[in-house]
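Peer 1: So the sequence lines, in the order shown, correspond to chains A and B. Going by my numbering, the first residue of the first sequence is number 1, and it counts up by one from there. Going by my numbering, the first residue of the second sequence is number 1, and it counts up by one from there.
Note that these hints are calculated values from the structure, not bench results. Yeah, the Cβ is synthetic: ideal placement off N, Cα and C, and Gly gets one too. Check before you lean on any hint, since a few could be wrong.
Computed from the model, here is a short list of chain A residues facing chain B with C-beta under 8 angstroms [to be verified]:
id, residue
1, 46
2, 47
3, 139
Straight-line distance between alpha carbons at most 25 angstroms, and here's what the computed DMTMM-like set of lysine to aspartate or glutamate pairs gives [said to hold, decoys possible]:
id, chain 1, residue 1, chain 2, residue 2
4, A, 47, A, 19
5, B, 43, A, 19
6, B, 47, A, 128
Below, each chain spelled out in residue letters.
Protein chains: 2
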Amino acid sequence: MLELDAETIYRHLAQRARETFVGETLKLVGVHTGGVWLAERLKRDLKIADPVGILDVSFYRDDFDQSGLKPAVRPSQIAFDVAGSHILLVDDVLNTGRTVRAAMNEIFDYGRPARVDLAVLIDRGGRELPIAASIVGATIELPADVAVVLVRDDDAQLHLTMEKRGD
Amino acid sequence: MLELDAETIYRHLAQRARETFVGETLKLVGVHTGGVWLAERLKRDLKIADPVGILDVSFYRDDFDQSGLKPAVRPSQIAFDVAGSHILLVDDVLNTGRTVRAAMNEIFDYGRPARVDLAVLIDRGGRELPIAASIVGATIELPADVAVVLVRDDDAQLHLTMEKRGD
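Full structure from sequences and hints, please.
Peer 2: Structure representation (structure tokens):
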């Protein structure tokens, strides 16, 4: 059984962010929910001033109408000025790239950023769009029917679990 | 002086396409103008049945209003069914990634593809969005104020030229 230690992988990701963006003024945007947890940790560990922007891309994903998601209203919120900024978009798992495309479009609805980098805890491959992360915590290969899910316990510790996808 | 032989680089790109997408039914979309020339060559060399789709992303680029482009009407045209298809998006030079983001959005306006791969003749770095090509003819580094331009002569041979970017 593959053990993925989320806290160890996160520390690697944070270190990569420190090295890659040294001297840069980053603004963080997390994809609901796991990406927001990670962005909040990066805000603290990289001492980033601006509040974390939150994106909920459920409505923007191109398969929204196929996914059977409840249209619960969890509006996105970015409290800083996106125009001209260097954004680090944060998500837990990178797979097809469709969430990232949706997230980019949502960011551009707020303004034209100077640059958007992508940080993901796990890159599990399976890309369906020409999307790539700038920094990655860990790259793994998994059967297509296995989902990796980031969870956060009552002590704010992160854990990765695997579950069978679908029905 | 760096010599970039466009025909040699193209042959490398075509070989990469053959190896990477063996057994796949690809549909080609070229970005006006250089990407369309390259896509037409790939159509012939990879024996792809469907006509090449043509994208003109001038109107979609996020800096359209800053670029001073004339709003000449060169409408995009994709004559095959995008929904469910495996698209190879072709462009001559990959730089910031903004053209690719615009091209993806335009493709999705036609339907939801199963997959979009990106083929570029030249990856010159300088990414401002988390975009990556699936296959690349050549990767080069250039000063930011130097543009690489693909041209096609009267004998349909491809050439790469470098020019100072406009002020």
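Peer 1: Provide an ascending list of the numbers of those earlier hints which the structure does not satisfy.
Peer 2: Going through the list in order, the structure violates hints 1, 2, 3 and 5 and respects the others.
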